[in-house]
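Protein chains: 4
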Amino acid sequence: MSTVLKEPAISDALRADLLELARACRVFELEGHGDRSFGHMALRDPEGRGFWMKRAGIGLGEVIDARDFVLVDFDGKKIGGAGGRHGEWPIHSEIFRLRPDVMASAHTHPFYASVYSASEEPLQNIVPRSTNQPHTTPRWEGSADLICTVEQGRSMAEALGPHHAIFLRNHGVVTCGPTIRDPVLIGISLEKMCHEALTINASGLRFSVPGEDELAEKSATGARLDPVITGGRTVWEWYLRKLARAEAQGHPAIATQPVPIGRR
Amino acid sequence: MSTVLKEPAISDALRADLLELARACRVFELEGHGDRSFGHMALRDPEGRGFWMKRAGIGLGEVIDARDFVLVDFDGKKIGGAGGRHGEWPIHSEIFRLRPDVMASAHTHPFYASVYSASEEPLQNIVPRSTNQPHTTPRWEGSADLICTVEQGRSMAEALGPHHAIFLRNHGVVTCGPTIRDPVLIGISLEKMCHEALTINASGLRFSVPGEDELAEKSATGARLDPVITGGRTVWEWYLRKLARAEAQGHPAIATQPVPIGRR
Amino acid sequence: MSTVLKEPAISDALRADLLELARACRVFELEGHGDRSFGHMALRDPEGRGFWMKRAGIGLGEVIDARDFVLVDFDGKKIGGAGGRHGEWPIHSEIFRLRPDVMASAHTHPFYASVYSASEEPLQNIVPRSTNQPHTTPRWEGSADLICTVEQGRSMAEALGPHHAIFLRNHGVVTCGPTIRDPVLIGISLEKMCHEALTINASGLRFSVPGEDELAEKSATGARLDPVITGGRTVWEWYLRKLARAEAQGHPAIATQPVPIGRR
Amino acid sequence: MSTVLKEPAISDALRADLLELARACRVFELEGHGDRSFGHMALRDPEGRGFWMKRAGIGLGEVIDARDFVLVDFDGKKIGGAGGRHGEWPIHSEIFRLRPDVMASAHTHPFYASVYSASEEPLQNIVPRSTNQPHTTPRWEGSADLICTVEQGRSMAEALGPHHAIFLRNHGVVTCGPTIRDPVLIGISLEKMCHEALTINASGLRFSVPGEDELAEKSATGARLDPVITGGRTVWEWYLRKLARAEAQGHPAIATQPVPIGRR
Numbered sequence: 001m002s003t004v005l006k007e008p009a010i011s012d013a014l015r016a017d018l019l020e021l022a023r024a025c026r027v028f029e030l031e032g033h034g035d036r037s038f039g040h041m042a043l044r045d046p047e048g049r050g051f052w053m054k055r056a057g058i059g060l061g062e063v064i065d066a067r068d069f070v071l072v073d074f075d076g077k078k079i080g081g082a083g084g085r086h087g088e089w090p091i092h093s094e095i096f097r098l099r100p101d102v103m104a105s106a107h108t109h110p111f112y113a114s115v116y117s118a119s120e121e122p123l124q125n126i127v128p129r130s131t132n133q134p135h136t137t138p139r140w141e142g143s144a145d146l147i148c149t150v151e152q153g154r155s156m157a158e159a160l161g162p163h164h165a166i167f168l169r170n171h172g173v174v175t176c177g178p179t180i181r182d183p184v185l186i187g188i189s190l191e192k193m194c195h196e197a198l199t200i201n202a203s204g205l206r207f208s209v210p211g212e213d214e215l216a217e218k219s220a221t222g223a224r225l226d227p228v229i230t231g232g233r234t235v236w237e238w239y240l241r242k243l244a245r246a247e248a249q250g251h252p253a254i255a256t257q258p259v260p261i262g263r264r
Numbered sequence: 001m002s003t004v005l006k007e008p009a010i011s012d013a014l015r016a017d018l019l020e021l022a023r024a025c026r027v028f029e030l031e032g033h034g035d036r037s038f039g040h041m042a043l044r045d046p047e048g049r050g051f052w053m054k055r056a057g058i059g060l061g062e063v064i065d066a067r068d069f070v071l072v073d074f075d076g077k078k079i080g081g082a083g084g085r086h087g088e089w090p091i092h093s094e095i096f097r098l099r100p101d102v103m104a105s106a107h108t109h110p111f112y113a114s115v116y117s118a119s120e121e122p123l124q125n126i127v128p129r130s131t132n133q134p135h136t137t138p139r140w141e142g143s144a145d146l147i148c149t150v151e152q153g154r155s156m157a158e159a160l161g162p163h164h165a166i167f168l169r170n171h172g173v174v175t176c177g178p179t180i181r182d183p184v185l186i187g188i189s190l191e192k193m194c195h196e197a198l199t200i201n202a203s204g205l206r207f208s209v210p211g212e213d214e215l216a217e218k219s220a221t222g223a224r225l226d227p228v229i230t231g232g233r234t235v236w237e238w239y240l241r242k243l244a245r246a247e248a249q250g251h252p253a254i255a256t257q258p259v260p261i262g263r264r
Numbered sequence: 001m002s003t004v005l006k007e008p009a010i011s012d013a014l015r016a017d018l019l020e021l022a023r024a025c026r027v028f029e030l031e032g033h034g035d036r037s038f039g040h041m042a043l044r045d046p047e048g049r050g051f052w053m054k055r056a057g058i059g060l061g062e063v064i065d066a067r068d069f070v071l072v073d074f075d076g077k078k079i080g081g082a083g084g085r086h087g088e089w090p091i092h093s094e095i096f097r098l099r100p101d102v103m104a105s106a107h108t109h110p111f112y113a114s115v116y117s118a119s120e121e122p123l124q125n126i127v128p129r130s131t132n133q134p135h136t137t138p139r140w141e142g143s144a145d146l147i148c149t150v151e152q153g154r155s156m157a158e159a160l161g162p163h164h165a166i167f168l169r170n171h172g173v174v175t176c177g178p179t180i181r182d183p184v185l186i187g188i189s190l191e192k193m194c195h196e197a198l199t200i201n202a203s204g205l206r207f208s209v210p211g212e213d214e215l216a217e218k219s220a221t222g223a224r225l226d227p228v229i230t231g232g233r234t235v236w237e238w239y240l241r242k243l244a245r246a247e248a249q250g251h252p253a254i255a256t257q258p259v260p261i262g263r264r
Numbered sequence: 001m002s003t004v005l006k007e008p009a010i011s012d013a014l015r016a017d018l019l020e021l022a023r024a025c026r027v028f029e030l031e032g033h034g035d036r037s038f039g040h041m042a043l044r045d046p047e048g049r050g051f052w053m054k055r056a057g058i059g060l061g062e063v064i065d066a067r068d069f070v071l072v073d074f075d076g077k078k079i080g081g082a083g084g085r086h087g088e089w090p091i092h093s094e095i096f097r098l099r100p101d102v103m104a105s106a107h108t109h110p111f112y113a114s115v116y117s118a119s120e121e122p123l124q125n126i127v128p129r130s131t132n133q134p135h136t137t138p139r140w141e142g143s144a145d146l147i148c149t150v151e152q153g154r155s156m157a158e159a160l161g162p163h164h165a166i167f168l169r170n171h172g173v174v175t176c177g178p179t180i181r182d183p184v185l186i187g188i189s190l191e192k193m194c195h196e197a198l199t200i201n202a203s204g205l206r207f208s209v210p211g212e213d214e215l216a217e218k219s220a221t222g223a224r225l226d227p228v229i230t231g232g233r234t235v236w237e238w239y240l241r242k243l244a245r246a247e248a249q250g251h252p253a254i255a256t257q258p259v260p261i262g263r264r
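Heads up: the protein sequence lines correspond to chains A, B, C and D, in order.
The first sequence begins at 1 in this note's numbering and counts up one residue at a time.
The second sequence begins at 1 in this note's numbering and counts up one residue at a time.
The third sequence begins at 1 in this note's numbering and counts up one residue at a time.
The fourth sequence begins at 1 in this note's numbering and counts up one residue at a time.
Source of the hints: derived by calculation from the structure; they are not laboratory data.
Don't take every hint at face value.
Restraint ranges, calculated between C-beta atoms of paired labels, are given here [claimed, not checked]: (1) C:13 - D:46: 50 to 58 Å; (2) C:120 - D:178: 35 to 43 Å; (3) B:250 - D:258: 24 to 32 Å; (4) C:19 - B:258: 21 to 29 Å; (5) D:248 - A:150: 20 to 28 Å; (6) D:224 - C:120: 23 to 31 Å; (7) C:19 - B:260: 58 to 66 Å; (8) B:258 - C:73: 43 to 51 Å; (9) D:136 - A:67: 56 to 64 Å.
Quick caveat, the model's predicted, so the values are computed rather than measured.
For glycine and all other residues, C-beta sits at the position ideal for the given N, C-alpha and C.
Isolated chain A, as found in the complex (with noise of 0.2 Å):
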């Protein structure tokens, strides 16, 4: 009944992509965005065929190279890749769509987001930084439910605006942007700006929160000072570095062999 697919041609610039997204997802893992096979990531396709996904049944640490990913079309159809496309396909579709600054997209369950993706107030900075935090986070109320329909995606991407980083209710978390680097950079700030929010909560200490103008000077600040470094690179480089060292000693949630495809 299957089908045997006409891979798609990947070229070298792609292959060397796909390697640097399957590091990406390797360093979610590292930095607590795990959670068991769900949670994906994925790459617009640079030739306009649809768009790079991780393939479903292996752990954000387990991914390694450009097998680990499925080429999807924008109507959800897998056209390219030997493993299994995640359910939530339209969570990227949409975002591609709606975003033609965006080349890059995750949807992660990390721990204090997605218990913060349940509260219905305004997540504040508490602790500002210079660099890859998202600037305002809105929440998509639609529903807990897996996102996957167009319809759910088109209304999750429309809440998410111009913005790099969205909650979905009762659920986890949306992050993107225009390199590989930006959803995971981006997702982990917001993790911790989550874990900072409801620790000083809980505290039940007064404490005071930086204004939008405050906050738009720290990231002029960073900007001006060095672009290079409040641009991200500078610390991407710190995690892709601190993943080799993991690697070399060991940490049971990544992988350094690909996963042999299963029958799915």
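Starting from the structure of chain A, add chains B, C and D where the hints point.
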């Protein structure tokens, strides 16, 4: 004074199941359900002789293979195996008696769920998932004591009803299901749900809780999308790979060699 | 100016006990009771010369064998051993004086119990267990200062009364018992009880606390079922196996070679 | 366009100090003060040329030896060393200017202290110790922004006054002292004090706080008993042994080889 037991026959299929049950115990330890030598899992004997229960005196992370289980009949008599029998055998016997659908069960003391067992307020599902979460988790109010009598075990099993997880008030949890992996997957999810609920409540932030309809919808979506994944097999294989990596790297609470059976 | 001490005789039995006491210190470190070079354990000298106390200047995880203890008489004079003597020796001398049943004692700064020591509210036993928990944990209100005088040590030992654990207000804990393992097992349980109590209180959820009758019943059940297990030997052997695995794998806070004795 | 710097002379004593400063950075990372490539330490130049500051672009755990520092003069000009200069150099220059007793300083973003920096309530010392705790920790209210101007640095240093630690509102902490180890030991203690204060406040339990007299008494007792121990040298050596073990075993955030200096 002691009698040499005629060892019960163990078929190849049963031996393989006990090896899986041993792995299940070690996954539980890896995921935070271990409490020194306390806690146990049990498997219904396929020949109706009773059930195979982790032997006493070792931790969940030290269960290696069939030699680490004892066969106990429905009156609590050890009829096979060389180690000690935990006093809380009626937890398992009474569930197996009342629930023909249950093949495997577990009793553990995970941190957050044990804390939550002290609460009189029903557990709310803050971050519902599409797989392996207990849908309803009743609380057995009978006693904080060990469950060492058939009467107590029966009362607990009746409070469990048709569900797959139950809090033991001021004590811990019991989980069960139709396969060996179910008590582990459900137990891990229950611990996380309790951690989530304690965290959001501690924050004092207003939060939303999905209604019954929404929970049912999410389960249905998962099952429709991919019954293999949402049925737990995919997730289980992820845990087994994680366990294998942890064992290759070394983990203080997880043994790779059997602990010799002592004088008891 | 310094005098060469005639080293006290150490019998084979005592040497074995000091080896066990060293392992007890390392288990304490492994289980979160370490605080840099602070904290100590002591063993009553079987020949009545005083007590053997962990030497100053090393962490609990760096205590390897008899060379890491000094013999201190009941007036605080070091009468054997090559290392420094902690200033808080009166904690041990005064317990040994008032409590002939006590053979071993410990003073540590575990995180949650040290935080709890600041609370004026009695510790509630949220998740009672059948073994090794302190039944009543008084609080010494005398001072947050180091206990460096016989007067303070005596006052603390009187507040301890017949119990096996005591909070030192805004400071830490002291535990003791009839065997070398008791202060460690009780200390580990006390830290967990404090973590549990702080967590459930922080949540703001209503919760139930077992009454005195129920606590007594649980202890009695454990003792009736299996006095070896509930008496702590089984659990202790589990910790020793865990320690051996941690040492084989390497742990930053645990040494496997003695730390050379410095100028003091 | 760039000028080849004539490298400043480094005496053997200074080289040894920079090796110690590098170890200090790695201890800080090991103890939870790392935040990717952010945070830095500085040492006053013994020849009055300015101060040696951790180079930009690497994490605290990746500082290996003298090559990982740059010499910066009091106007912020890099006058030696091959790496980038952090923009927050005025934190160090202005402390060194106002505080002749200070030889070493640090700026970090530890989790609990950064959260606490948002609080308007003075930090209470719940569990005073006899060594290396900041006695008073003021809060600089000036801005949550990076401290990149002499004016801001001066304002912060004035708020620090004669103390050894200061909160930067909604940002992080600065610590300093007369030796290389002081900013690290004080920073680690400050982070723990904040964790303790947040925990006891979150619990909602009534608690007691030692008064000023009691805090002074504890410091005096420690100093009288053993100025070497309470002065921090003993504790520091414990951290160095722990670091050596962590490095032998491997730690993802700690490098054992220098990170090559990039284009900046």
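Hint check:
Look at residue 13 (chain C) against residue 46 (chain D): about 56 Å separates their beta carbons, and that is inside 50 to 58 Å. In this structure the supplied range 35 to 43 Å holds for residue 120 (chain C) paired with residue 178 (chain D), their Cβ-Cβ distance being about 38 Å. At roughly 29 Å, the beta-carbon separation of residue 250 (chain B) and residue 258 (chain D) lies within the given 24 to 32 Å, and the hint holds. For residue 19 (chain C) paired with residue 258 (chain B), a C-beta distance near 26 Å keeps the hint of 21 to 29 Å intact.
Checked against the given bound of 20 to 28 Å, the beta carbons of residue 248 (chain D) and residue 150 (chain A), roughly 54 Å apart, lie outside it. Checked against the hint of 23 to 31 Å, the pair residue 224 (chain D) and residue 120 (chain C) passes, with Cβ atoms roughly 30 Å apart. A hinted range of 58 to 66 Å is violated for the C-beta pair residue 19 (chain C) and residue 260 (chain B), which are about 21 Å apart. Our hint of 43 to 51 Å for residue 258 (chain B) and residue 73 (chain C) holds, since their Cβ atoms are close to 47 Å apart.
The hinted range of 56 to 64 Å is satisfied by residue 136 (chain D) and residue 67 (chain A), whose Cβ atoms lie roughly 59 Å apart.
The earlier numbered hints that this structure contradicts are 5, 7.
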